[in-house]
Structures are given as C-alpha cells and as structure tokens.
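Listed below, chain by chain, are the residues.
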Amino acid sequence: MKFNGGTCENIYGELLDYEIIQHENNLITECRLKRRIVHVQKWIGSTIIFTYLAALIGVHKNDSSLLLFLSIILLAGVIIKAYLKVKRECVIVSNQMGLQLTTTYVIGRQTTIFISSNRIKDILINEGFLSQRLIYYLTLIINANGDTSMLPLFVKLLPRLSVLKLFYRHLYSVIHMKLK
Amino acid sequence: MPTAPSPSPRPERAIIGFFLYVTSIFAFVIYLLWAYLPNNWFENIGITYYPHKYWSIAIAIVVVALLISIVLGNCLVNSLSVPSLDSMKLIRDRHTRKREFSKYSTTDAIPPVSDLDLSYVNRILYSSDIK
Numbered sequence: 049m050k051f052n053g054g055t056c057e058n059i060y061g062e063l064l065d066y067e068i069i070q071h072e073n074n075l076i077t078e079c080r081l082k083r084r085i086v087h088v089q090k091w092i093g094s095t096i097i098f099t100y101l102a103a104l105i106g107v108h109k110n111d112s113s114l115l116l117f118l119s120i121i122l123l124a125g126v127i128i129k130a131y132l133k134v135k136r137e138c139v140i141v142s143n144q145m146g147l148q149l150t151t152t153y154v155i156g157r158q159t160t161i162f163i164s165s166n167r168i169k170d171i172l173i174n175e176g177f178l179s180q181r182l183i184y185y186l187t188l189i190i191n192a193n194g195d196t197s198m199l200p201l202f203v204k205l206l207p208r209l210s211v212l213k214l215f216y217r218h219l220y221s222v223i224h225m226k227l228k
Numbered sequence: 106m107p108t109a110p111s112p113s114p115r116p117e118r119a120i121i122g123f124f125l126y127v128t129s130i131f132a133f134v135i136y137l138l139w140a141y142l143p144n145n146w147f148e149n150i151g152i153t154y155y156p157h158k159y160w161s162i163a164i165a166i167v168v169v170a171l172l173i174s175i176v177l178g179n180c181l182v183n184s185l186s187v188p189s190l191d192s193m194k195l196i197r198d199r200h201t202r203k204r205e206f207s208k209y210s211t212t213d214a215i216p217p218v219s220d221l222d223l224s225y226v227n228r229i230l231y232s233s234d235i236k
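Chains as they are written, first to last, in the working numbering: chain G, 49 to 228; chain B, 106 to 236.
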C-alpha cells in the first residue's frame, strides 16, 4: 500500500485533507477527501450573540409558545445542517471491478454509488456552472443502456484544480490500464 | 449575408436617444409639479381633470420595486437557464461540429474545422504523458 497525502483548499476557501492510496500492486486506487474539523467557535459565538439579542427584545417575557416555536425551528435547522453536511468523500476504483463513490456525512450516515467497469467509458475534468461561478469538477462518463450520461464526483466538497489534476492522473491510469 | 446586430452608434439611434432624453426630463418635471403643487392652484388655472394624488406615491413605489426586481429577475433567469453539472450539454450541444472520419489522413490537405474530443484535451492538459 502506498500513501500520498496532503492538504488542499476548497473553492470556498475551507481546508480539506486528501489522500491517494494504492492497494494491491497498483490494481486498486482509492482517493479520499476529508473536511477538517467543523468550526465550533463560530457556532458558539453566534449562539451567545443571538440569545443575548433575544433576551434584549424580551422573547422570554411573552407567551412561552413563541419561544418554543423558535427553539424548535432552530433545532430543526441544526439537525438538517448536520444531516446534509458532507464530512468525507471517497472514490475507490479497480480496473476489473468498477468505481465506488462513498459520501460520509457529519452524523455518520453513508451513501454509496457503484458503477461496474463495463459501464465506465471515461473520466474527465469538466467545467460547469454552480451558483453563478464556473468550477472545475471531476466527472465520469457512463454508458447507461446505450445513451451516455455523466456522473460528477466530489461535488459536495469541491476541491480546487491542483488536487483534481492529481486525482485525474491516478484515476485515468487505473481506468484505462490494459493488462498485458 | 445578413449583418449581425451590433451596438455601434448610428444616426437613427442618436435621434431616438435625444428624443428620449428630452421627453424623460419633461415628464419628470411634470410629475414633480403635479405631485407637489396643491389642488387649488390647478383649479385656479383651469385644470380640473387630473389623476388623484394617491397615484404619485403609488408610481414612485412601483418604480423602486421594478428596479430591484428587474436586477434580481435577471440574475435568477441566468441561474435557471444554465445546464446542471451532470447534463451532457456541457460536453456537446447543438453548436458542436463533429469531426468527419472519412478523409482521415489520406491527403495532405488541411482537415475541416471541428471540435476536439474532450478526453483528448484533458489528456494533453492534465496528465503527465502525452499521446
């Protein structure tokens, strides 16, 4: 097993850790992207400020139903944010088996997508639009029942071009490797 | 061949622009006079059939709301008409020219202009070996 790792940046400026692991004599390659620790200080600071403002307005002096309603909304917001926030994305490729993309969320939930190698056509770095920005992202071209479609990888964490180039070189050599 | 529309200045555009400039200044002065002068002054002159003063405030609010919503609406229409990240329109759409493979490398002539294959471009730009 060979490791190759480091730190890179998001398109939004957050720090990510990346790792490229070669298993099994160059037959299986794994590319991992992990978000660093979530900012706890920012959350605690904004919570203190908002509770101070709410106490200043006098939310607690009114009927307690409004306070209950507000705190339920805030709690729901926190839970939804933790449910949707991505902690780690991992792509495992083998030339004979296929590609598996695993997304791990903050609360521990994991979703996987597996594409078998007879459906994989190509891997590319493509440019696309995301919320009025032009970004580079890694994408897989799949042959699904005769018509081609695209599967973008690493779209929740969105690393910058330098890491994408590194991933592209490793994944391309695995996908298009011809056995002698 | 029909000429493409261009934003260069032309005599008709100059006349239209000047007319709009004078008209807009005139309409603004009339609006200010109607909104600020009391109703007695109009009746003394003889003008009795004019809109209710309520509309002066309504027009002003509509203009401000239109300014904000046109800017916002433009940005929203742009965001909606853009293809998503997993659509194949980002690689080829109705304007791409496919390469003809029939006359490939048989003559010395320059081949017709066509779009390069995206995987070939990626290999040249991003991978360390060039094929």
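Keep in mind that the hints were calculated from the coordinates and are not lab data. Note that the structure is a prediction, hence the values are computed from the model and not measured. Be careful, since some hints might not be right.
Ranges of calculated distance between the beta carbons of each label pair, as one might list FRET restraints [stated by the list, open to error]:
no., chain 1, residue 1, chain 2, residue 2, range
1, B, K194, G, G194, 10 to 20 Å
2, G, N74, B, S111, 56 to 66 Å
3, B, L221, G, A102, 53 to 63 Å
4, B, T108, G, V126, 27 to 37 Å
5, G, L115, B, G178, 50 to 60 Å
A virtual CB, placed ideally from N, CA and C, is assigned to each residue, including glycine.
Do the hints match the structure? See the list:
1. K194/B x G194/G: 10 to 20 Å: holds, 18 Å
2. N74/G x S111/B: 56 to 66 Å: holds, 57 Å
3. L221/B x A102/G: 53 to 63 Å: holds, 59 Å
4. T108/B x V126/G: 27 to 37 Å: Check failed, 60 Å falls outside 27 to 37 Å.
5. L115/G x G178/B: 50 to 60 Å: violated, 38 Å
Hints 4 and 5, counting from the list given before, are not met by this structure.
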